[in-house]
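Q: Got chain A; can you put chain B on it based on the hints?
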Amino acid sequence: ETGVTQTPRHLVMGMTNKKSLKCEQHLGHNAMYWYKQSAKKPLELMFVYSLEERVENNSVPSRFSPECPNSSHLFLHLHTLQPEDSALYLCASSQNLGGTSSGEQYFGPGTRLTVT
Amino acid sequence: LAKTTQPISMDSYEGQEVNITCSHNNIATNDYITWYQQFPSQGPRFIIQGYKTKVTNEVASLFIPADRKSSTLSLPRVSLSDTAVYYCLVTSGYSTLTFGKGTMLLVSP
Chain A
1 ETGVTQTPRH LVMGMTNKKS LKCEQHLGHN AMYWYKQSAK KPLELMFVYS
51 LEERVENNSV PSRFSPECPN SSHLFLHLHT LQPEDSALYL CASSQNLGGT
101 SSGEQYFGPG TRLTVT
Chain B
1001 LAKTTQPISM DSYEGQEVNI TCSHNNIATN DYITWYQQFP SQGPRFIIQG
1051 YKTKVTNEVA SLFIPADRKS STLSLPRVSL SDTAVYYCLV TSGYSTLTFG
1101 KGTMLLVSP
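Residue numbers (our numbering), protein chains in the order written: chain A, 1 to 116; chain B, 1001 to 1109.
Derived by calculation from the structure, the hints in this document are not laboratory data.
Hints may be right or wrong, so weigh each one.
As the list claims (entries may be wrong) - As a list, the in silico DSBU-like pairs of lysine-lysine whose alpha-carbon atoms are at most 35 Å apart:
#, chain 1, residue 1, chain 2, residue 2
1, B, LYS1054, A, LYS18
2, A, LYS41, B, LYS1101
3, B, LYS1101, A, LYS19
4, B, LYS1054, A, LYS19
5, A, LYS18, B, LYS1069
6, B, LYS1054, A, LYS22
7, B, LYS1052, A, LYS18
8, A, LYS19, B, LYS1069
9, A, LYS40, B, LYS1069
10, B, LYS1052, A, LYS19
11, A, LYS22, B, LYS1003
12, A, LYS22, B, LYS1069
Stated by the list, open to error - Per label pair, the in silico range of CB-to-CB distance:
#, chain 1, residue 1, chain 2, residue 2, range
13, B, THR1029, A, VAL12, 44 to 52 Å
14, B, GLU1058, A, ASN70, 28 to 36 Å
15, B, ALA1066, A, LYS22, 30 to 38 Å
16, B, GLY1015, A, LYS18, 50 to 58 Å
17, B, PRO1007, A, LYS18, 38 to 46 Å
18, A, LYS18, B, LEU1106, 39 to 47 Å
19, A, THR114, B, ALA1066, 43 to 51 Å
20, B, VAL1059, A, VAL55, 26 to 34 Å
21, B, ALA1028, A, VAL55, 47 to 55 Å
This one's a predicted model, so the numbers in the text were calculated from it and none came from an experiment.
Beta carbons are placed, not taken as given, at the ideal position from N, Cα and C, and that holds for glycine.
In isolation and in its complexed conformation, chain A is listed as follows (with noise of 0.2 Å):
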């Protein structure tokens, strides 16, 4: 347990759905950010967010959209997705952004993510 959590843990979606991803961070960290992993492909970074405000966006497309509420929670709205986006999103927090911090990061167990 890491301090992380990520709802739901399994999703199946059309592609014509809207869904949201949730992650929660119980750990009183400061930075969230939000990551996909493909099949056989290494972690991408998708969505940095610092006391709420967004630092980072990695070129993803504008069908993802991120939103931070508070400095807890951290969610991923998902609209028209494509079944290339079936992956494992994986959450997670760091005390800080910047300095060893970011270096040390709790991710959540993820959502698997099925667009049919």
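A: Just chain B now, with coordinates in the frame of chain A:
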């Protein structure tokens, strides 16, 4: 950001010490070296982080030579549950993690 190179896979047996070496030839002065472990269908888990010389915690040791162009993660007396992918990362002051393909460690009985 410094690129890292590590073996694609390694095999070991229970009870042995495993050393995984990572090269990072263009590491910068402000960069740290961080290692993560990942089991299938789970998020990565932070193992250890260091800047130079040796760092040890309850899970592993990290050896970094003076030139810092490489580092070695040492896992003492591995068990079957240590079978996982191990990632070596170089992180800088303002840093977001860039994961490579990692090293798949297989521990056999």
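Q: Compare the structure with each hint and give your call.
A: Structure-based check of each hint:
no.: 1; hint: B:LYS1054 to A:LYS18; verdict: violated, 49 Å
no.: 2; hint: A:LYS41 to B:LYS1101; verdict: holds, 7 Å
no.: 3; hint: B:LYS1101 to A:LYS19; verdict: holds, 30 Å
no.: 4; hint: B:LYS1054 to A:LYS19; verdict: violated, 46 Å
no.: 5; hint: A:LYS18 to B:LYS1069; verdict: violated, 46 Å
no.: 6; hint: B:LYS1054 to A:LYS22; verdict: violated, 38 Å
no.: 7; hint: B:LYS1052 to A:LYS18; verdict: violated, 47 Å
no.: 8; hint: A:LYS19 to B:LYS1069; verdict: violated, 44 Å
no.: 9; hint: A:LYS40 to B:LYS1069; verdict: holds, 27 Å
no.: 10; hint: B:LYS1052 to A:LYS19; verdict: violated, 45 Å
no.: 11; hint: A:LYS22 to B:LYS1003; verdict: holds, 32 Å
no.: 12; hint: A:LYS22 to B:LYS1069; verdict: violated, 39 Å
no.: 13; hint: B:THR1029 to A:VAL12: 44 to 52 Å; verdict: holds, 48 Å
no.: 14; hint: B:GLU1058 to A:ASN70: 28 to 36 Å; verdict: holds, 33 Å
no.: 15; hint: B:ALA1066 to A:LYS22: 30 to 38 Å; verdict: violated, 46 Å
no.: 16; hint: B:GLY1015 to A:LYS18: 50 to 58 Å; verdict: holds, 51 Å
no.: 17; hint: B:PRO1007 to A:LYS18: 38 to 46 Å; verdict: holds, 43 Å
no.: 18; hint: A:LYS18 to B:LEU1106: 39 to 47 Å; verdict: holds, 41 Å
no.: 19; hint: A:THR114 to B:ALA1066: 43 to 51 Å; verdict: holds, 49 Å
no.: 20; hint: B:VAL1059 to A:VAL55: 26 to 34 Å; verdict: holds, 30 Å
no.: 21; hint: B:ALA1028 to A:VAL55: 47 to 55 Å; verdict: violated, 20 Å
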